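Enquirer: As a plain string of letters, each chain reads:
Protein chains: 2
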Amino acid sequence: MKHDDPQPWQVLERRYILDRQPYMILREDTVLLPNGARIEDYFVFEYPDWVNALAITVDNKIVLVRQYRHGNEGVHYELPGGVADPGEPHLAGARRELLEETGYGGGEWQPWIQLSPNPATHTNTCHIFLATGVYKMNAQQLDDTEEITVQLLSPTEALDMLRSGGVAQALHSAALWRYFAETGLP
Amino acid sequence: MKHDDPQPWQVLERRYILDRQPYMILREDTVLLPNGARIEDYFVFEYPDWVNALAITVDNKIVLVRQYRHGNEGVHYELPGGVADPGEPHLAGARRELLEETGYGGGEWQPWIQLSPNPATHTNTCHIFLATGVYKMNAQQLDDTEEITVQLLSPTEALDMLRSGGVAQALHSAALWRYFAETGLP
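Chains as they are written, first to last, in the numbering used here: chain A, -17 to 168; chain B, -17 to 168.
Check the hints yourself; a few may be wrong.
Any copy will do: because identical chains look the same in the list, a pair fits if it lies in one copy or spans two.
Claimed, not checked - Restricting the straight-line Cα-Cα distance to at most 30 Å, the calculated cross-link-like pairs of lysine-lysine (BS3-like) are:
(1) Lys118 - Lys(-16)
(2) Lys118 - Lys43
(3) Lys43 - Lys(-16)
Derived from the structure by calculation, the hints contain no laboratory data. Values in this document were obtained by computation on a predicted structure and should not be read as measured data.
In isolation and in its complexed conformation, chain A is listed as follows (with noise of 0.2 Å):
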């Protein structure tokens, strides 16, 4: 915190709309802020953390997945990951996504990046690693309502790919940008 931050909200009132654990929680909440303004009706999702993982291989590609998403109704490019299970590890979670939806796994992990899907609205954070090193292990292991394809792309590849708008997702688009950003690019 800094000494001139603006000071949190006081919640007059919860209410639960929805509860479709594990999935989403929905609430509404009516909120005093230190101003003296009151919100009737301040949505807040409460979401389980997710996890990700920045994978890249032996020789040096990234291991990309591409899946429908029914909320903008497009196939984009993203990091492999989903939803840790109840309590699992962060890591732990990041590496069975990685295994499950890809089939790589092995190689060196350490944290890469932990954001907000958004601060505003989102109680959630997810845990993005860094894996390097990773190696083809097994098959796509995927739920029924999984339908993913793999797609390995050299840093210049995923360089234009990102520059052209190849991820939608901003966490994703962080994850993969700050690794560019370290390393310089291809």
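Following the hints, complete the assembly by docking chain B onto the known chain A.
Expert: Only chain B this time, still in chain A's reference frame:
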């Protein structure tokens, strides 16, 4: 589209759950996947487009703001921005939001990055513009429900802040990391 891309889902039923225009419309779709799987209650948030400014002053400071965000109950560094007004061009919206939230304006503007807050659940796009050579023109002009402090950071300060997790909002993190990737680390 790539030739092996997963195909769109078919919407079997659509129910509107909440209509709080202009902030948010929540709908629930029953969908059929190409593989025959059926999801009864897939939630989609219909939002208007959002606009932001990655604004650099005439003396090379990045114009950031801090405000309390009730989703994750924290205060973080953010890019100035907000919701595009109905019919308002995105660039005009970004200039307006920068001026209202910070008092900064002028300069040269260009499209910088377009991202989805979440392609799985959100219909809208966030349009972020890069503005260079901005300067202080006015005092802040805030809405009743906005309490925002303005912070000017040098590129080195902004990079340290980013690396230590000072930006939570993924959309803003992506825009800033792209800035450091494209311009080189300070």
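Enquirer: Which holds for Lys43 with Lys(-16) at a C-alpha limit of 30 Å: within a copy, between copies, both or neither?
Expert: Between copies only: 19 Å across, 41 Å inside.
Enquirer: With identical chains treated as interchangeable, where does the CA-CA distance between Lys118 and Lys(-16) reach 30 Å or less: within a copy, between copies, both, or neither?
Expert: between (46 Å within a copy, 22 Å between copies)
Enquirer: At most 30 Å between C-alpha atoms: does Lys118 with Lys43 qualify within a copy, between copies, both, or neither?
Expert: within (12 Å within a copy, 45 Å between copies)
Of the numbered hints stated above, none is contradicted by the structure.
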